[in-house]
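K.L.:
Place chain B on chain A using the hints.
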Amino acid sequence: MKVAIDQGRCQGHGRCYELAPEVFTDDDSGYGTVIAPDVPPAYADQAQDAVNVCPERAISTAE
Amino acid sequence: MAAQTTVEAGPPDAEREARLEQFMRERANDPRAYYAQLRARCPVDFDEHRDGPAALSRADVESVLRDTDLWSNETTPIMGSAEPVIPLGVDPPQHSIYRRVLDPLFSPKRMKALEPAVTDHVNQMIDAFIDTGQCDFSADVAVPLPCLTFLTLLGLPEEELDDMVRWKDIMIRPEIVAGSREAGQQLQMQTVGEIYQRFSQELAARREQPRDDLITFLLTTDVDDGRKLSESEILRILFLLLAAGLDTVTISLECIFNYLIEHPEARQLLVDEPESMDGLIEELLRWESPVMGAAARRATRDTELSGCPIPAGTLVLPALAAANLDPDVPGSQQVDLRRKDKSHLAFGGGPHRCLGSHLARMELRVVIREWHRRIPEYRLKPGVAVEWTPSSLRGIDHLPLVWDVPAGDAR
Chain A
1 MKVAIDQGRC QGHGRCYELA PEVFTDDDSG YGTVIAPDVP PAYADQAQDA VNVCPERAIS
61 TAE
Chain B
1 MAAQTTVEAG PPDAEREARL EQFMRERAND PRAYYAQLRA RCPVDFDEHR DGPAALSRAD
61 VESVLRDTDL WSNETTPIMG SAEPVIPLGV DPPQHSIYRR VLDPLFSPKR MKALEPAVTD
121 HVNQMIDAFI DTGQCDFSAD VAVPLPCLTF LTLLGLPEEE LDDMVRWKDI MIRPEIVAGS
181 REAGQQLQMQ TVGEIYQRFS QELAARREQP RDDLITFLLT TDVDDGRKLS ESEILRILFL
241 LLAAGLDTVT ISLECIFNYL IEHPEARQLL VDEPESMDGL IEELLRWESP VMGAAARRAT
301 RDTELSGCPI PAGTLVLPAL AAANLDPDVP GSQQVDLRRK DKSHLAFGGG PHRCLGSHLA
361 RMELRVVIRE WHRRIPEYRL KPGVAVEWTP SSLRGIDHLP LVWDVPAGDA R
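Protein chains in written order, with our numbering: chain A, 1 to 63; chain B, 1 to 411.
Okay, chain A solo, but in the shape it has when bound:
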């Protein structure tokens, strides 16, 4: 699974890296970044859940 954050939409709510710390992390301003675009199968659920926590709908996943 691949995961991406649309940086044009991200507003630093910080939901993704809090819910899915294995998939996302925060930069110094509190905005989310993807740790590795290819998500290991073990964290696929985390990545999928993160799509639902982003108030800006900035996260997308693809097989």
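Honestly, I wouldn't trust all of these hints.
Derived DEER-like restraints, expressed as beta-carbon distance ranges [what the hints assert, rightly or not]:
{"no.": "1", "chain 1": "A", "residue 1": "Met1", "chain 2": "B", "residue 2": "Gly155", "range": "30 to 36 Å"}
{"no.": "2", "chain 1": "A", "residue 1": "Ala44", "chain 2": "B", "residue 2": "Gly383", "range": "51 to 57 Å"}
{"no.": "3", "chain 1": "A", "residue 1": "Asp28", "chain 2": "B", "residue 2": "Pro311", "range": "27 to 33 Å"}
{"no.": "4", "chain 1": "B", "residue 1": "Glu21", "chain 2": "A", "residue 2": "Ala36", "range": "52 to 58 Å"}
{"no.": "5", "chain 1": "B", "residue 1": "Val402", "chain 2": "A", "residue 2": "Ala44", "range": "44 to 50 Å"}
{"no.": "6", "chain 1": "B", "residue 1": "Glu21", "chain 2": "A", "residue 2": "Ala44", "range": "51 to 57 Å"}
Since the hints were derived computationally from the structure, they do not count as laboratory data.
Where a beta carbon is used, it is the ideal one built from N, C-alpha and C, also for glycine.
P.N.:
Here is chain B on its own, set in the frame of chain A:
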């Protein structure tokens, strides 16, 4: 962050005042019922007795918050400050320049560093009343905690707590402090001057003697174009931190604790499974929506919302509470403390997303965690009826709680 839409000065109309208070009371008492009733009439609220239309659906609120070309934050004064407050009262691209300076100061990492001081404050408060078996949660915890955090953040002495409490009350609900809308506006203007003056003294002191704190940072940091922030810019930043960062946390605490009193099963969940806390906080921020609306936005051209025409220049209120309770969002009509979808808009959204959201969440967590660790069983004082404050911020001025104290320990 919340701000009321500005009301034009004019002869006070007793009937209008009464209607306004009535609607504010209904809204604070039960936003679920209130917004359902508005929605049933029209997807955009056009009640003639309010100050302007409100966007109610999740989709409309999102578009008002995100499309900053169409919806400007450069409106009439916010909370009595004649100059635009920073960053809330400024549109992109200037807004982005300010946020790049301010976002790192309120990042989760920074808030983590502030957490031990906040934990100490909470425990000192609890120490003061735990053996008596009772407290007024609002006056003894919810009000002073964010004020003390603010003083810590700014490097101001704790002795200034009483001033802080008075100032933020006047900023947020001048009409209640002063007794009428007109007197409130006057008091608010006067107080804004007082606050700017106080912060100006503090800037002078930091120029003289720099410290490792937020005010010194604002004085010395380079902005995008290589210049420093002006005195006026810093004052307008500090003013907004004060106006937006105190009561919002206070009322969120009051809303959450009131819910926990009314729902012992939710309180028990917190005690039995402390790891459920983060999800519980998110769901109650959605369900209670303590900050019911974001600052009003001005339409920069003729447009529409859900098919309703909005002429250029109209101030529109993004009703965050209504968006959070939008019936078109599956499951939104019930509380689900284990909800996976945590994409509520309690902190707004778009470029003006609440700057202090990570600070607020940290404060809420520390209070809820420390309180339940030390006072896991508590209830509303018998005979007391909870009364919501009729304001755009849903708070409870008095929340008397009681709990059992082991015999022999009472004093």
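K.L.:
Now look at each hint and say whether the structure bears it out.
P.N.:
Okay, the hints, checked on the actual structure:
no.: 1; hint: Met1/A - Gly155/B: 30 to 36 Å; result: violated (46 Å)
no.: 2; hint: Ala44/A - Gly383/B: 51 to 57 Å; result: holds (54 Å)
no.: 3; hint: Asp28/A - Pro311/B: 27 to 33 Å; result: violated (42 Å)
no.: 4; hint: Glu21/B - Ala36/A: 52 to 58 Å; result: holds (55 Å)
no.: 5; hint: Val402/B - Ala44/A: 44 to 50 Å; result: holds (48 Å)
no.: 6; hint: Glu21/B - Ala44/A: 51 to 57 Å; result: holds (53 Å)
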